[in-house]
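Participant: Full structure from sequences and hints, please.
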Amino acid sequence: MELISPFDFVKRSLLAVQEYAYLSLRAVTNLIRKPLYLADTIQQADFIGVGSLPIVILTGMFTGIVLALNTSKTLQQFGSLSLTGRLVSLSMVRELGPVLTSLMVAGRNASGMASELGSMKVTEQIDAMRALGTDPYKKLVTPRVIATIFMMFFLTIISDFVGLVGGWIISFAMLGLDTYQYWNSAYQALKYDDVITGLVKPLVFGFIIATVGCYYGMNTKGGTQGVGRATTQAVVASSVLILATDAVLTQLFLTLT
Amino acid sequence: MPPLADTPDTVHKAIIFEDVSLRFDELTVLDRVSFELKRGETKVLLGIAGSGKSTILKLCLGLLKPDSGRIYVLGHDITLMSEEELFDLRSKIGIVFQESALFDSLNVRGNVAFRLTEEHLPESEIEKRVREALSFVELEEAIEKLPSELSGGMRRRVGIARAIITQPEVLLYDSPTGGLDPITSTTIIELIMKQRDVYKTSALLVSHRLQDGFMLATHYYDPVSKHMQPADGMPTRDIHTRFMILREGQVIFEGTAPELGRVEDPYIKEYIA
Chain F
1 MELISPFDFV
11 KRSLLAVQEY
21 AYLSLRAVTN
31 LIRKPLYLAD
41 TIQQADFIGV
51 GSLPIVILTG
61 MFTGIVLALN
71 TSKTLQQFGS
81 LSLTGRLVSL
91 SMVRELGPVL
101 TSLMVAGRNA
111 SGMASELGSM
121 KVTEQIDAMR
131 ALGTDPYKKL
141 VTPRVIATIF
151 MMFFLTIISD
161 FVGLVGGWII
171 SFAMLGLDTY
181 QYWNSAYQAL
191 KYDDVITGLV
201 KPLVFGFIIA
211 TVGCYYGMNT
221 KGGTQGVGRA
231 TTQAVVASSV
241 LILATDAVLT
251 QLFLTLT
Chain W
1 MPPLADTPDT
11 VHKAIIFEDV
21 SLRFDELTVL
31 DRVSFELKRG
41 ETKVLLGIAG
51 SGKSTILKLC
61 LGLLKPDSGR
71 IYVLGHDITL
81 MSEEELFDLR
91 SKIGIVFQES
101 ALFDSLNVRG
111 NVAFRLTEEH
121 LPESEIEKRV
131 REALSFVELE
141 EAIEKLPSEL
151 SGGMRRRVGI
161 ARAIITQPEV
171 LLYDSPTGGL
181 DPITSTTIIE
191 LIMKQRDVYK
201 TSALLVSHRL
211 QDGFMLATHY
221 YDPVSKHMQP
231 ADGMPTRDIH
241 TRFMILREGQ
251 VIFEGTAPEL
261 GRVEDPYIKE
271 YIA
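These protein sequences, in sequence, are chains F and W.
Those letters in the first sequence? Residues 1 to 257, per this note's numbering, in order.
Those letters in the second sequence? Residues 1 to 273, per this note's numbering, in order.
Any given hint could turn out to be false.
List time: in silico BS3-like cross-link candidates among lysine-lysine, alpha-carbon distance up to 25 Å [to be verified]:
id, chain 1, residue 1, chain 2, residue 2
1, W, K128, W, K226
2, W, K13, W, K200
3, W, K65, F, K11
4, F, K139, W, K65
5, F, K34, W, K13
6, W, K200, W, K226
7, F, K221, F, K139
8, W, K13, F, K221
9, W, K38, W, K92
10, W, K200, W, K38
11, W, K65, F, K221
12, W, K200, W, K128
13, W, K269, W, K226
14, W, K145, W, K128
15, F, K11, F, K221
16, W, K58, W, K200
17, W, K92, F, K139
18, W, K58, F, K139
19, W, K200, W, K92
20, W, K92, W, K65
21, W, K58, W, K13
22, W, K13, W, K128
23, F, K139, W, K145
24, W, K92, W, K128
In case anyone wonders, no lab produced these hints; they're calculated from the structure.
Facilitator: Okay, structure coming up:
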């Protein structure tokens, strides 16, 4: 492995931040420039949204099940088993729904974007696109960013709902709770700011997933090995950024509400 | 787009390089390179791998920016132009990449039509022009195929069709015969010659193969027989082909085929031997 001086490391890191910021800015500013590539955006929305639906449903379902199982054990000790729906609902909507959905989508789509754009980069297809007079940021990056943000919103809602269904299955089948009691407790627990928190987070995470995936793809170097490296880095970086941003956003929303 | 440059003669010259230098970290890729490509002329860029040939093509398109010097393309000083402004200019330039760089998720039709689709031309017009371009490279039957289903030579021909579909004023060929067998290479050179002699397009051709350049300099395309013919015994025929040799980022020769044959420089003599 190549050893680099601390000076070079800092220089490279700053350059990477600058390039990421540039890509993010281009992706956003392209929204007001024509052409908008609506067909590409819809295609990406289908790939990201519909394609991610199975893993998002499975993740949401099992998370709800595990939440109900774990919380019921503690609640039973205090004779408050009826609060299971409340705990599942708050945990899913405020935190686990957005974060786990984002991590799943990051694993599937940030890697997909990095490998697809990375392959195009190393085979000069990105240069060919520029040479043919098309802005690759506009045609490739912006549709992915819009589609990911848009679909993350709905995927999170689905994940939250499926998680609640998972919790209900356990409450009804194993804990013997009444269906109405579970859903009423889950609904009553949620306040306006919980829902806002749970729906704003996936929009930010969607932006992170798409921009990080595209950044690593557009900056791929070194042939097929480079594509593999870019794919791995995209998943790691987007996952870490999602978790770090989640901490910041959680504190921010707690302060604001 | 910035106004047309008025200092150099951009009316008769398609591309002008003035003292262009470029470095990648510690490596000097181009060192004060100056040359001109006249309108209608084909310039063959020769040199060993890493001598800076392909970099010159990327600089012509503004895909790379020089560290110093000026580059004029079709009258515009591209060193002063932003990426947005360059997209307009690039529509007047065609390029054939070394490995074709076809979009692997699009079929031949999609690749050749890419520029026209981006310009939102009517479907019927796109179809007509795609078929014309594919007919020029004699590849109409492959219109529905994906790049992965094509041979290396076919991919280059699709690359040429994609580059010429808008009838650009300048064509850039990056090792169009690299890695191809001699028969396919000749077919590709014949297509380049056809473009040169039928449409009088200015072209920069990067090549490792000296024979490609000499074939271009000593033959012409005959539209009657639809094949290339030797230019011997036809002194009036001007085939507008010149050579330029690069060595370690510097231009060490520029001239015609006969001038190249008479050169005394030991490096060049060894290179062309």
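Participant: Given the hinted pair K58(W) and K200(W), is their alpha-carbon gap at most 25 Å?
Facilitator: holds, 22 Å
Participant: When you check the alpha-carbon spacing of K269(W) and K226(W), does it fall within 25 Å?
Facilitator: violated, 35 Å
Participant: Next pair to validate is K200(W) with K38(W); report whether the Cα-Cα distance is within 25 Å.
Facilitator: At roughly 11 Å apart (the allowed maximum being 25 Å), K38(W) and K200(W) satisfy the hint.
Participant: Is the Cα-Cα distance between K11(F) and K221(F) 25 Å or less?
Facilitator: holds, 18 Å
Participant: Decide if the proposed pair is consistent with the structure: K58(W) and K13(W), CA atoms, cutoff 25 Å inclusive.
Facilitator: Satisfied, since the Cα-Cα distance of roughly 18 Å is no more than 25 Å.
Participant: Can the restraint linking K34(F) and K13(W) be considered satisfied, given a maximum Cα separation of 25 Å?
Facilitator: Status violated; Cα separation ~33 Å.
Participant: Between the alpha carbons of K200(W) and K128(W), is the straight-line distance 25 Å or under?
Facilitator: holds, 22 Å
Participant: Taken at face value, is the distance from the CA of K11(F) to the CA of K65(W) at most 25 Å?
Facilitator: Cα-Cα ~21 Å, so holds.
Participant: K139(F) and K145(W) were given as a pair; does the straight-line alpha-carbon distance stay at or below 25 Å?
Facilitator: holds, 23 Å
Participant: Measure nothing beyond the straight line between the CA atoms of K200(W) and K92(W); if it is 25 Å or shorter, mark the hint as holding.
Facilitator: holds, 14 Å
Participant: Holds or violated: K13(W) and K221(F), Cα atoms, limit 25 Å.
Facilitator: violated, 36 Å
Participant: Within 25 Å, alpha carbon to alpha carbon, are K145(W) and K128(W)?
Facilitator: This hinted pair holds, its Cα atoms lying about 18 Å apart.
The structure does not agree with the numbered hints 5, 8, 13 and 22 stated previously, though it agrees with the rest.
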